[in-house]
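Protein sequences appear in the order of chains A and B. Start counting the first sequence at 1; every next residue gets the next number (this note's numbering). Start counting the second sequence at 1001; every next residue gets the next number (this note's numbering).
Calculated from the structure, these hints are not laboratory results. Bear in mind that the values here come from a model prediction, so they are computed numbers and not experimental data. Please note that the accuracy of each hint is not assured.
Said to hold, decoys possible - With a cut-off of at most 20 Å between alpha-carbon atoms, the simulated EDC-like pairs for lysine to aspartate or glutamate come out as follows:
id, chain 1, residue 1, chain 2, residue 2
1, B, K1339, B, E1363
2, A, K313, B, E1167
3, A, K114, A, D140
4, A, K114, A, D131
5, B, K1313, A, E167
There are 2 protein chains.
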Amino acid sequence: MSDITGLQLLSTLAQDGRLTVSLAPQTLPAPTGHEVVLRVEAAPINPSDLGLLLGSADVENAEYGDGYLVAQMPAAAVRAMVSRMNMPLPVGNEGAGTVIAAGDAPEAKALLGKRVTCVPGGMYAQYRMVDARACMVLPDGATAEQGASAFVNPMTALGFVETMRAEGHKALVHTAAASNLGQMLVKICREDDVPLVNVVRSPGQVALLRQIGASHVVDSSAEDFADALAAALADTGATIVFDAIGGGTLVSRILAAMEQVASAGASYSRYGSATLKQAYIYGALDLSPTILSRSFGFSWGVAGWLLTPFLAKAGAATVERMRARVRDGLTTTFASHYKGRISLRDALSRNVVLAYNARRTGEKYLILPN
Amino acid sequence: MSDITGLQLLSTLAQDGRLTVSLAPQTLPAPTGHEVVLRVEAAPINPSDLGLLLGSADVENAEYGDGYLVAQMPAAAVRAMVSRMNMPLPVGNEGAGTVIAAGDAPEAKALLGKRVTCVPGGMYAQYRMVDARACMVLPDGATAEQGASAFVNPMTALGFVETMRAEGHKALVHTAAASNLGQMLVKICREDDVPLVNVVRSPGQVALLRQIGASHVVDSSAEDFADALAAALADTGATIVFDAIGGGTLVSRILAAMEQVASAGASYSRYGSATLKQAYIYGALDLSPTILSRSFGFSWGVAGWLLTPFLAKAGAATVERMRARVRDGLTTTFASHYKGRISLRDALSRNVVLAYNARRTGEKYLILPN
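Chain A with its partners taken away, still in its complex shape (with noise of 0.2 Å):
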């Protein structure tokens, strides 16, 4: 068959800080061996996107043209990017699409016809060229939007029960706690009976993880956070929390609350108490800082926490494992809700950049190329 055009996201940092964002026509070749070529039918922007597509680029005053953006990067980003410097970098990690022409080894052309998912960036494109091996195929009359978050937010939120396990603790914090993948985590939780305590930022976001059917649920901006959180721990015994937001003092509190929970009724020790209180930071909701205040002795850690080196490590049959879990509750305890769908020229205007830019917990776009 012959070459297939059709667009594609690219992103640009240029040595003055200046970052484009732009459409560019983009051809593939015919595919060979194990290769697919899909067309794409839908990508979500997660946060984990936000990064490589905008950075802390200055989209607020930036220049919006037809199908490109310029935004300029603060200086200190900018030095923590040299190595991207000048080069167009396709952006979009995970979505689903339809296989519309496959190379010569039997695993692509198994494929062809079918809608498959998989994550092997550049996904906000028309047409994306992938390993027929990475792909999973989506159950029968799944649609594309169904299938097109089916590995960050879903393998995350498996590894974050996964690592509590590992590191031999027996309850979980989590913060941002209404977001897709905490929706998700609220659910794999309840059907591991695995106590959860989930931080939220707002009464709303109370309610929608109740009405899901989450047992401790703490909202940071109430005037009882304090007490309400070191109550849930104790009731759960959480020992480790994972958290999205990365900024400010919300990681330290929680760890302070651990160790109030730990040492009550305990000896005094100068060091704090024995128990070990984990954090891993796996998002930056908030770019700013992250203060601790080292109130809970010495038996602490702050990490971290990245998808693809904990797949490494956990091995092949432990990433089996969930991806079939995975696929089997696509619909339900893996689906995910979209605030919008946006064509690939909408990524690029300014309203629609703004709100998808903002991190707005539970407000996820879905990019539709095609």
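Got chain A sorted already, so can you dock chain B onto it with the hints?
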């Protein structure tokens, strides 16, 4: 033999936040079994003792009397110390002295008249009952002063190198590196051929460490600190730091410099380099919050590090190997230096309290209780 009476130092926190430190007579019964009674001859004031002795109490404005002081503890600190409320706590982790009475067990009797070092707590006292099996006999001719600090600093410095190796790093960074502990670490790393980056806070400290043979010394007060640090990290390949300071931005700046080195020449990843950068906070010379900019990707960890849990995890064989090395190097590699020698009564006088509580690097005080 009859009972022995001597003075001991006690620290008591009252409900209203008033901290009283005072001298009180203590009567020790005749030792039995494995017990021995030490006449304490020298006990250092380590930063780890100050937390229990004074914490963050306002010693500047305290009331000082003959053999006591009363200082106000900040409300936040009082809340964190509920479990020590109204309990008179003995202080002083480690020290050296001569065995003047022993129980019937052969291990105890064998120590009679010997000068030993140990880490039982409560060593700010004229006499102390300890377990003979936890004592280390000092080499012939060694003074109590030479043996007083044979545990906390030497085992901590050795513990850093053990931790570095166990976690797969090949070089390390140490902050407040001009301390007694830091000087031991310089000698250990030279003996073991482990590359070490020393971070200090003044040109005088640079000179001091160079004098004892340190190769990499960077001064955080110098204008070129960031560049000098990055160069030293590139030179050594250090990806783990042990930090005595705790508060402020230093840990964050060191992790960022490690990331800068790790990602130099690598292809861009929005998640940062895959190199794990680890910081352990083992002290609190600065009690203010730890500020993490998170400008170092997602492959990082910051955690508390404490000697006792480390030794428990390391296992008996490792601990015995470490102790033997300390014994062999007591007057060379592991020699301590003191700014001043004080009596138990001096330890409660205003000028002396302000001096030792200033926690100035390299200005350690030694209590001579008899």
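Consistency of the hints with the structure:
1. Pair hint B/K1339 plus B/E1363 holds up; C-alpha atoms about 5 Å apart against a cutoff of 20 Å.
2. The straight-line distance between the Cα atoms of A/K313 and B/E1167 is roughly 15 Å, inside the 20 Å bound, and the hint therefore holds.
3. For the hint linking A/K114 to A/D140, the alpha-carbon distance of about 9 Å falls within 20 Å, and the restraint holds.
4. With a C-alpha separation of about 14 Å, the suggested pair A/K114 and A/D131 falls inside the 20 Å cut-off, and the hint holds.
5. Restraint check: the Cα-Cα separation between B/K1313 and A/E167 comes to about 15 Å, which is no more than 20 Å; the hinted pair holds.
Violated hints: none; the structure is consistent with every hint.
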